[in-house]
Each structure stands twice: as C-alpha cells, then as structure tokens.
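*Asks:* Letter by letter, the chains look like this.
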Amino acid sequence: MEARSDNLILQKALQEIERMKEVSIAKGLVILVILLSMLSVAHAKPEYAEKTGESCVVCHPNGPPELGPAGEYYKEHGTLEGYGELPAGEPEPGGRCNVCHAQFKPNPTPRDLSAAPREPNHRFEFNHGGGKFWCLTCHNPVNRDTLRLFNGSEIPFEEAPLLCSQCHGVIYQEWKDHIHGRWVGSIESPEPDVICTDCHNPHDPEFKPIKPEKPPEKPPASKEIPNYPVYSFIVLALSLLLAVYAAWR
Amino acid sequence: MVDESRRDFLKKAAAGATAAVIPFANVRIPVIDVTLEEFFQKHYKEMSDDDKKRVIERLKKEYKEKYGIDAEIKTTPPKEGVVWGYALNIQKCIGCRRCVYACMRENNQSRASPKDPTKSEIQWIRVLEIEKFKIHPGEEGKDFRTRFGEIIAGVNLEENEHYYNPEHVPEEDKFYVPIQCQQCERPPCVKVCPTKATWKEPDGIIVVDYNWCIGCRFCLAACPYWARRFNWSDPYLPKEEINPKMHYLGNRIRMRGVVEKCTFCIQRTREGRYPACVEACPVGARKFGNLLDPESDVRKVLEKKRVFRLKEELGTQPKFFYFMD
Chain U
1 MEARSDNLIL QKALQEIERM KEVSIAKGLV ILVILLSMLS VAHAKPEYAE
51 KTGESCVVCH PNGPPELGPA GEYYKEHGTL EGYGELPAGE PEPGGRCNVC
101 HAQFKPNPTP RDLSAAPREP NHRFEFNHGG GKFWCLTCHN PVNRDTLRLF
151 NGSEIPFEEA PLLCSQCHGV IYQEWKDHIH GRWVGSIESP EPDVICTDCH
201 NPHDPEFKPI KPEKPPEKPP ASKEIPNYPV YSFIVLALSL LLAVYAAWR
Chain D
1 MVDESRRDFL KKAAAGATAA VIPFANVRIP VIDVTLEEFF QKHYKEMSDD
51 DKKRVIERLK KEYKEKYGID AEIKTTPPKE GVVWGYALNI QKCIGCRRCV
101 YACMRENNQS RASPKDPTKS EIQWIRVLEI EKFKIHPGEE GKDFRTRFGE
151 IIAGVNLEEN EHYYNPEHVP EEDKFYVPIQ CQQCERPPCV KVCPTKATWK
201 EPDGIIVVDY NWCIGCRFCL AACPYWARRF NWSDPYLPKE EINPKMHYLG
251 NRIRMRGVVE KCTFCIQRTR EGRYPACVEA CPVGARKFGN LLDPESDVRK
301 VLEKKRVFRL KEELGTQPKF FYFMD
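If you read the protein sequences in the order shown, they are chains U and D. Heads up, the first sequence is in this note's numbering, so the first residue is 1 and it goes up one at a time. Heads up, the second sequence is in this note's numbering, so the first residue is 1 and it goes up one at a time.
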C-alpha cells in the first residue's frame, strides 16, 4: 500500500514539475519578446540617459526620434553642460523654458526651488509683491515661454509692460507719456530705449546703487603770498595818503 | 542827411575792408596770432550765407591742421514754433554723473591733460549732493519752541558738495541736483556781455559766438547758476575723443580765452534728436521737449508733476524745471 501510494505521489510530483516547466518557458518567452520589442523601439534610452543623467523628454520633447533644442545642443557639443544656463546677471526672458516645463505639471504651491533640475535658471532673490506673489502670478502655467495677464490672456515676454501695468497703472501711463523711463531717437516720435524689465528686475524691482563716475578736478589750492601783511599795510597806507591828499585839495 | 551818408560811407568802407582782406586772408597778425580773415569776421547774426560757408571752410581747415579730424560743422537755424525746455526728476536722480561724461564726449570740452597741468578738465554739468532735511524730535513740555525739535530744512546751493565720491550712489539721506545752463528767458549773462557775443536764439537757447567773445568773464560773474566755463588755455582733446559732428554755435572746438556753456546740445536738438545727457541717464530722470507743444514730454511733466525752478526769486525765468513724483 505504502509503496503504491509512494508511487502515486512521485507520479503527481513529476507531473507538477512538467507543468511548471511549461509555464516558466512560456513566461520566459513572453518576457523575452517584451524585452526585445523594447530594445528595438527605444534602444537609445539607456545609453544617452546614462550619459546625460536626464530623462528622455529633455532631448526629445515630442517623442524619441525627433530632437528638441536640447537634443540639438547635445548633438553639437557632445554634452548638455551649459545648455539652458543663462549668462550671469539678469535672467533673460527666452523661449527655452518649455524644454523642461512641458513635462511638469504646474504646481501652484509656493515652495523651495533650490532642488529643481537645471536649477541656475531659478536662483535669484525674489523680492516683489511683499510675499504675496509666486511664479505663476505672472508666468503662464500652461506655456512657460509666455506671460499671463490676470484676465487669462497670454502675452509674449516683449509685451511685459502690459503685465506690469495691471498694478502700476499710473507709472505705465507716465511711461506712455514719455515722462517715465528712457526714450531715445527723435524728439517728435521717441522710441523706448528700454522696457520695464530692462531696468527693473521683475523679481527684485528696486533700483540697486551703482558706482558713480569720478568727481570733477578740484582747483589747485591757492598759494600763500609771502609777506602778505606787509604788502597789505603798504597798500592801505598809500590809499590813506591818497585820500588825505584828495580831501586837502 | 549828413549822418545817413556817413553811415553809408562807413558801411561801404567796412564792406571794402572785408573784400580787401580776402586776398590776404591767411596772413597772420603777429602778437594776437589770428589770421586777418578771422580778425575781420562778422558777428554770427550779421553773417550772410556766403560768409557762413567761408567761415566754416576756414574752421574745417583749422581743425584738420590742429587736431587731424574731418569735422562737419553745421549752422542749422532754429525751427518755427519751438522753444526748448528741460525737466529733471530729482527724486529719480542718483548722482551717478553719467550725464556729465556723456556731455563731455558730445560737446568737445577740454580734457585734463596728463602732461600739461594748465590744460584742465571742463564740465558743463555739476551734480550737487544735498543732505535731506532732518527733523529731530525735541523734548516735549520743556519749551513750546522746542516741542517740534530742531528742524534743518531748505537748501543752500552755495554750500553743497559736488566733489562727492562714495563707493556707491545713491547714498542714504542724500539727494542729487544736477545743475547746468538753465537757459533763462531773461538771461543776466546776455545782459552783461559787452560785445553781444552771447544771445538768446528764437528757440530759447542761449548761445555764444566764440569768435566774438573777448573773454572778459562778466557773464561768469552774472550767472546765478554757475553754468558758464572759461577756457584758460587751448583745450586738450585727443583726436579719437573728438566728436566731429559740430554746430557753429554749439560744440565746435573752442579756443583759449573764450567762455562756453551748455546749449541743450544745439547740434542734436536742432536736428530733432534728444540731448546727450537725456540719452545717457540710466534712471530716465531727464526729460526734454518743446514747451509750445502740449503733447511734448516737458509739457506733460509740467501738467502732472510738482515742479520748481532754481532761484526763482531772481526773476531769470529758467526753462529748466526740476520735478518730483
């Protein structure tokens, strides 16, 4: 009895093993097929992503085969080092914000941005609006290459004065009347040399002190006349004599 | 009758003298070192167009010889219906002196010579640094006069510093008042000139005919704004720093012994361009325009801002306004 039952158990176990083998081969085949298909579709991902340390969308904003501006930059320079980093000083409004921002969901919560990727673009002192402003007060959350007015309309960076005028209406009118800001060219029809954001950093609008040009030459100190009291006494005496003479005549 | 014929004779004699001079035009008179042509040159207001052309040709040759530049000297007349006015925002001015040096580059003032100490720097704009008024609270109840404390207010233009040189401007508790020629409607400097070498043009600019100035410097003494400068020596001007676009009454290169002053950049404004100082100001504190045009920049300032003029009590009626936001 015992031997038979043992036999039965053995047979069952053998059958089980056979089944498991079939299953694992099928699973392995499926995984292999998936892997192969992935490799053939996106073979560049591991290589370039590893080299640059960035996600795919940075170089391929509209899907893998097509290169975006960052991809072109990489193709040309062999590195992403320096791309998207603006020259020192004023952050310049450009058309490159969407390269990164197209892939993020807008987050309206004020927070520390120092850990944001490609961070130098956002490193500045923010001192405008008395703590009530956040990036999206002025920047368009949908399209970062533009600005947004309070009424929801989208304007390019070049038309920033319109945005500023929402709060600084009086100054905007003065600017229009040519009595604020610098206007150059013909007196009859002057042109704005600069717009609001060229003089006032929108993130920190107050004018910063600058170094003055050198002062005018001081006139040389007058030389002391030697024997001044003696001369003055002689002149005084002579004029007195003259006066006496004139009176006497 | 007698008088008239005499005047006629004198006129003819004078004309004859000028005509007689032409063949000997380049003969130099020894002691005063000027050519005969220059010596007999007419007053600018009496020159005919031909005279002007001749004078300009002479000046061009002179500058070519002396400074090695090809100057373009204009005699653009004033426009009808234009009186220039200036407005300066003292609340915006930061005292950076950019205007002073833009003016020097534009108007060919003498630079400081590194070798010859007698050739010194001339600047038409002087920027005064003025302390903001202070109100110190006094002790209450001690005396009704000290209740409001010591009040230092008002500005004494004679006592302010224009040699200031801090690391950065503007400084706290200071404001800055640039002063240049105020182009008065009733200019005391014109009144005192013994040779009528300085006069008010129809567009309101006070100009100097440098060839008629005898260097008596009465006008320097008469000007209440310290706006005029005297050339104690021939100017020192390196060739590359000369502005070749000149006007006869404006920025043409001056000579020793004559007085010069701000002309609202006559060579630019008569061509419809802003003065150099307006375009140089980094804070846009300087405004310029036609006082007779209600749409001009200056008229807009006069309409909308609080405006004052310097030393108004003297009755000189400057066309240079200072304003605040």
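Simulated from the structure, these hints should not be mistaken for laboratory data. Since this is a predicted model, take the numbers as computed values, not measurements. Idealized CB from N, CA, C, for every residue including glycine. A few of these clues could be false.
[Claimed, not checked] Stretch by stretch, here's where chain D covers chain U in the computed footprint (C-beta under 8 Å, at least three residues):
{"#": "1", "stretch": "173-179"}
{"#": "2", "stretch": "182-194"}
{"#": "3", "stretch": "202-215"}
[Stated by the list, open to error] Computed beta-carbon distance windows for the label pairs:
{"#": "4", "chain 1": "D", "residue 1": "L314", "chain 2": "U", "residue 2": "F124", "range": "49 to 55 Å"}
{"#": "5", "chain 1": "D", "residue 1": "R217", "chain 2": "U", "residue 2": "F207", "range": "39 to 45 Å"}
{"#": "6", "chain 1": "U", "residue 1": "A237", "chain 2": "D", "residue 2": "K115", "range": "43 to 49 Å"}
*Asks:* Look at each hint and say if it fits the structure.
*Replies:* These are the hints, each one checked on the structure:
1. 173-179: holds (count 4)
2. 182-194: That given contact holds, which follows from 9 residues of the stretch 182-194 of chain U lying within Cβ reach (below 8 Å) of chain D.
3. 202-215: holds (count 8)
4. D:L314 x U:F124: 49 to 55 Å: holds, 50 Å
5. D:R217 x U:F207: 39 to 45 Å: holds, 40 Å
6. U:A237 x D:K115: 43 to 49 Å: holds, 45 Å
Violated hints for the displayed structure: none, as all numbered hints are satisfied.
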